[in-house]
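Everything in the sequence shown is counted per the working numbering, starting at 1349 for the first residue and increasing by one.
Treat the hints with care, as some may be off.
When the alpha-carbon atoms are kept at most 25 angstroms apart in a straight line, the in silico DSS-like pairs for lysine-lysine are as follows [what the hints assert, rightly or not]:
#, residue 1, residue 2
1, K1582, K1551
2, K1729, K1678
3, K1691, K1656
4, K1678, K1725
5, K1429, K1490
Pairwise CB distance ranges, derived in the manner of DEER restraints [said to hold, decoys possible]:
#, residue 1, residue 2, range
6, D1381, D1616, 51 to 59 angstroms
7, A1430, D1498, 30 to 38 angstroms
8, R1611, R1384, 35 to 43 angstroms
9, Q1567, K1725, 39 to 47 angstroms
10, D1616, A1528, 23 to 31 angstroms
11, A1617, P1728, 22 to 30 angstroms
12, D1404, G1548, 23 to 31 angstroms
No wet-lab data here; the hints were simulated from the structure.
All C-beta atoms in this analysis are idealised placements derived from N, C-alpha and C, irrespective of residue type, glycine included.
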Amino acid sequence: EKGKGRERAPDSLGGALRMEALFSKLQDVITADPPRYEEALVVTSEILQQDPEDVDAAQCKLVCLIHMRSFEDAFRLLNTKAVLKDRHFERAYTLYRLNRQVEALEALGQCSEKDSSGGVAELRAQVLYRLGRYTESADCYKTLDTDGVDPGELAANRAAALCAAGETEAAEKVIDATAALVGMTPDMSYNKACCIIERGNWKESMRALDESEALMLEQAAESGETQEEIADGKIVYLVQRSYVRQRMGQLDASLEGYEAALRAKPTDAEVAAVASNNLFSVRGKETNMFDTAKKAKALNVDDGVEAKLTVPQRRVFALNRCLLALYMNKVKECTAALGKLEKEFEGSELPVLVRAAVLAKDKKMDEVTQLLHDYAKANPKQALRVKLTMAQIQLGGGDR
């Protein structure tokens, strides 16, 4: 028995030495400049094979996955490792990046007083913004301590929330007050221009966009950005100027700007999506629809890009996707797109009218009439367009 005991001791010692070596290697790769997260991930996996409940290794693996943007894997790790059950902030952040905002807000509510730092409050503001609760988001940004947050970035984000809430003057005051203290940044200047656009002051909007672009170019030159990066950064200004021209009735110039922006292939998918949406709005159905569909293909954004859009933008995108498919007689595509439209316009008559148009394309007029009648009966106070459509159908069918 004593001999067997002596044989096990070296194995136990060997295991401890291997763990010590693994943690030493983990320390080296995680403190490197920059940190080597992929290597660290491999090392933490080896440690967890030896000791599945090692807290330090599990937490380090979680950090690696988040930095590597492997959010599905990070969420899976949070759910499978009991030692991570109290990591509410990381759970909330992972859910935020997975566009599961309601769950993210619930996870933030579980953060302890110790965790209630600027990071928690800032993430709560971002989640509220994604949920379309813009006033609450702006209020949350207001509570943040500027000691741990860049004041320019904070002002830009708070102003964006205020602007989305329709409080454009308050948003501009936030930007101007911060600029007086720390100077104007490109992001602050751009968001101020967006506020002016929202107010409908087109001439001032153009001037504000010019000033913002000049600041962006100055900063890009100072930071040594390449010509390609600078050209890419200018596309958002081209799209916004084109929108201003669209609102001013300068449709040819506006269309030219959107097409130029899309030809430049912006790396920011959100910018491409907005350009595509606005291009379709200008061209409408009185053009070559195949050409329009080709140029407006960025309308079909993925969930990650769509989550960054404001609620009004998401609604317009959902409607235009349906209309584009409808105009091209792609009934199946239109029907598939109706799901998002109904989600964005829950309770509205607009999805009902689009669905009626789809049924009409298939010559199912009895179903059209029944659909419209049922909606009008259930929603008598908000069915004006539905009732007008019913009347038009009756008149068209000779029903006097």
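Requested in this report: Provide an ascending list of the numbers of those earlier hints which the structure does not satisfy.
Outcome: 2, 4, 5, 6, 9, 11, 12
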